[in-house]
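Novice: Protein chains in written order, with numbering that gives the first Met the number 0: chain A, 0 to 307; chain B, 0 to 306.
No lab work stands behind these hints: they were computed from the structure.
Possibly wrong hints are sitting among the right ones.
[Said to hold, decoys possible] Straight-line distance between alpha carbons at most 30 Å, and here's what the computed BS3-like set of lysine-lysine pairs gives:
#1 K288/B with K91/A
#2 K264/B with K257/A
#3 K16/B with K146/B
#4 K112/A with K39/B
#5 K112/A with K289/B
#6 K9/B with K261/A
#7 K163/B with K146/B
#8 K264/B with K261/A
#9 K265/A with K16/B
#10 K39/B with K257/A
#11 K169/B with K146/B
#12 K227/A with K261/A
#13 K289/B with K91/A
#14 K261/A with K231/B
#15 K146/B with K186/B
[Unchecked claim] Label-pair restraints from in silico Cβ distances:
#16 S195/A with K16/B: 43 to 49 Å
#17 A261/B with D254/A: 24 to 30 Å
#18 R232/B with D254/A: 54 to 60 Å
[Said to hold, decoys possible] Residues of chain B clear of chain A, computed beta-carbon distances all greater than 12 Å:
#19 R44
#20 T64
#21 L260
The structure presented is a predicted model; accordingly, all values stated were derived computationally and were not measured.
Beta carbons: idealized from backbone N, C-alpha and C, even for Gly.
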Amino acid sequence: MPALTPELEAELRETARNLRIEVINMLAPAGSGHPGGSLGMADIFTCLYFGGFVRHDPKNPGWLERDRVVLSNGHICPILYAALGERGYFPKEWFKTLRQVGSHLQGHPAMHKTPGVELSTGSLGHGICGALGMALAERMSGRDTHVWALCGDGELQEGLPWEAFMAASHHKADNLTIIVDRNDAQIDGTTESVMSLEPFPDKLRAFGFETIVIDGHDYGQIFDAMNKAQQTKGKPTAIVANTIMGKGVKFMEADGYKWHGKTPSKEQAAQALKDLGASPGSIPEGPWAAATSAKKKWNVPSRPSRSA
Amino acid sequence: MRATRDAFGKALLELGKENPDVVALTADLGGSVKTDDFAKAYPKRFFQMGIAEANMVDVAAGMSTAGKIPFATTFAMFGTGRAWESVRNTIGYSGLNVKIACTHSGLSVGEDGASHQSLEDIALMRVIPGMTVVVPADYAAAFDLTKRVAAHKGPVYLRLGRPKVRDTYKDGEKFEIGKAKILREGKDVAILAVGPQVAFAMEAVELLAKEGISATVADYFTVKPLDEVTLKRLAETHRAIVTAEEHNVIGGLGGAVAEALARIKPTPMRFVGTQDTFGESGDPELLWKKYGVDAAGIVSAAKSALR
Ligand SMILES: Cc1ncc(C[n+]2csc(CCOP(=O)(O)OP(=O)(O)O)c2C)c(N)n1
Ligand SMILES: [Mg+2]
Chain A
0 MPALTPELEA
10 ELRETARNLR
20 IEVINMLAPA
30 GSGHPGGSLG
40 MADIFTCLYF
50 GGFVRHDPKN
60 PGWLERDRVV
70 LSNGHICPIL
80 YAALGERGYF
90 PKEWFKTLRQ
100 VGSHLQGHPA
110 MHKTPGVELS
120 TGSLGHGICG
130 ALGMALAERM
140 SGRDTHVWAL
150 CGDGELQEGL
160 PWEAFMAASH
170 HKADNLTIIV
180 DRNDAQIDGT
190 TESVMSLEPF
200 PDKLRAFGFE
210 TIVIDGHDYG
220 QIFDAMNKAQ
230 QTKGKPTAIV
240 ANTIMGKGVK
250 FMEADGYKWH
260 GKTPSKEQAA
270 QALKDLGASP
280 GSIPEGPWAA
290 ATSAKKKWNV
300 PSRPSRSA
Chain B
0 MRATRDAFGK
10 ALLELGKENP
20 DVVALTADLG
30 GSVKTDDFAK
40 AYPKRFFQMG
50 IAEANMVDVA
60 AGMSTAGKIP
70 FATTFAMFGT
80 GRAWESVRNT
90 IGYSGLNVKI
100 ACTHSGLSVG
110 EDGASHQSLE
120 DIALMRVIPG
130 MTVVVPADYA
140 AAFDLTKRVA
150 AHKGPVYLRL
160 GRPKVRDTYK
170 DGEKFEIGKA
180 KILREGKDVA
190 ILAVGPQVAF
200 AMEAVELLAK
210 EGISATVADY
220 FTVKPLDEVT
230 LKRLAETHRA
240 IVTAEEHNVI
250 GGLGGAVAEA
260 LARIKPTPMR
270 FVGTQDTFGE
280 SGDPELLWKK
290 YGVDAAGIVS
300 AAKSALR
């Protein structure tokens, strides 16, 4: 049972800061992608992969005894890639190829292209259902693995996840934990203005989940909730993590949902890195250069910057 | 260069004024599918349905039974994929007057990658009995065809794109659903294209001419019902037919043309499209090139068809 000491917390916060820097360094040059949720979930990812909650072996991604992490809100994959790369699943060199033709790092997770990705996602809703399948299969095989399924709050407007919730509790899948990125943000606005979810934790409880509401940036609360999730018997657990979209970058935090799927300009990226305590001007030039040379290679004119 | 989704947004706004029965629904993608102006102008006739596409499509079906003309909008992947069975059973089966208007179709979604690149949507919609399938080539076509689609009685799938694409038509050009447009008359090979591939076909004509090959270009913006009258004439007056689309070669325009030609007049054919593969992340222009659905791809298909 992982315990949070002050030393570990300091170490984890430093790791999270680095993952956030990697997210900015990946996304800004790529020119498209989803920084808001990636930054908002950085603390959760840090605790999962660096806090001892995921049993895994980066050198052996197919290890049968491994725990599973499924990113149902696949669009925030930059934070998953940062964690996997930092953990050694693949060379960090790959970061600068994000979203480019021929890359191992697709705009949405592809399990057949990226080691450590457990399920291909991107179309919202499917991941939770797939994670339930993993949990049931693992239990069938008599393994004590745990399946962590991460999802967006807007994503839970889909019907699919609720079908999975019903089935998870019916089948008493206590080796399954759902972690909801409850940032009250999606593309067209706040979740409550687009299609309200509240009273949200009550709905999860009504579907039979052990439901824990936490501050998704408070390491003590994250540890307590994840420990409880691993010990809960007879029913699945839902951790509702209240998070701030763009956490760690002030101008993103201030604009909330607007940073769902928009990447920072070069100047904004520099500001973001400053907020995160990285040395200014440390954005790698490489990717920008690589993108341009790819266009040269294929002899394609540059396009105006991408709109969502 | 302008995007077909922008033309859709503009036409939808005008339709709001012209016809009080026109209603728009979206699934958390209002900004991307360009329903925002309509929503602002006609808030009572706009419905934000959240990220729940199958429900949105069934709700649109219900509205149509009460006399409305609903445009259900989202990305092509979700409107034709997630919601397919709603389209088939609630709308298609009874011929309801619902418009499935989807943007972000094909490879040109670009960097979001394969999960968002619908290369099957024409096939999925075309296979539903009674469905009309419309694929505008550019801004002017998308603008006029959105109006035609609204006026058309019955279910329609309108396939639109994300990026700016080359203009083929002048603004004000008129279209008739079910009637292909011949853009260039040639003698050797006829190129039938939809979407951004129409502009590439026009480029290909110039390249082919340099090699002494005379090509016809037809914009087959109505994939269903297919203009068989024009097709028969083209097959009778050319040695080969090439189809071009940013869609799987299975089941799209190429499939539709091949099915018809097998019956009307078997003709040598080549298929420009994705060759039964998924897409990937990347710049749209690079992807068109890599997957061979640009002018160069059409040129080599045309030459191969004539060989
Ligand atoms: C089935 C499906 N519909 C629509 C989309 C387009 N889309 C991508 S992310 C997103 C919003 C997701 O909101 P949320 O889950 O809250 O993620 P956040 O914005 O907080 O990162 C939408 C509508 C999609 N990927 N899949
Ligand atoms: Mg959200």
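Novice: Against each hint, give a clear statement of whether it holds in the structure.
Specialist: Evaluation of the provided hints:
1. K288/B with K91/A: OK: K288/B and K91/A at ~28 Å, within 30 Å.
2. K264/B with K257/A: Violated, because 54 Å separates the two Cα atoms, which is more than 30 Å.
3. K16/B with K146/B: The hint holds at about 12 Å.
4. K112/A with K39/B: violated (42 Å)
5. K112/A with K289/B: holds (18 Å)
6. K9/B with K261/A: holds (24 Å)
7. K163/B with K146/B: Holds: K163/B and K146/B sit about 20 Å apart, inside 30 Å.
8. K264/B with K261/A: Since the Cα atoms of K264/B and K261/A sit roughly 51 Å apart, the hinted pair is violated (cutoff 30 Å).
9. K265/A with K16/B: violated (42 Å)
10. K39/B with K257/A: holds (19 Å)
11. K169/B with K146/B: holds (16 Å)
12. K227/A with K261/A: violated (35 Å)
13. K289/B with K91/A: Judged against 30 Å, a Cα distance of about 26 Å means the pair holds.
14. K261/A with K231/B: Cα-Cα ~48 Å, so violated.
15. K146/B with K186/B: violated (34 Å)
16. S195/A with K16/B: 43 to 49 Å: violated (31 Å)
17. A261/B with D254/A: 24 to 30 Å: violated (56 Å)
18. R232/B with D254/A: 54 to 60 Å: For R232/B and D254/A the Cβ distance comes to about 57 Å; the hint holds.
19. R44: It holds; R44/B is separated from chain A by about 17 Å at its closest Cβ, greater than 12 Å.
20. T64: holds (22 Å)
21. L260: Per Cβ check, L260/B is outside 12 Å of chain A; nearest 33 Å; holds.
Hint compliance for this structure: hints 2, 4, 8, 9, 12, 14, 15, 16 and 17 are not met, and every other hint is.
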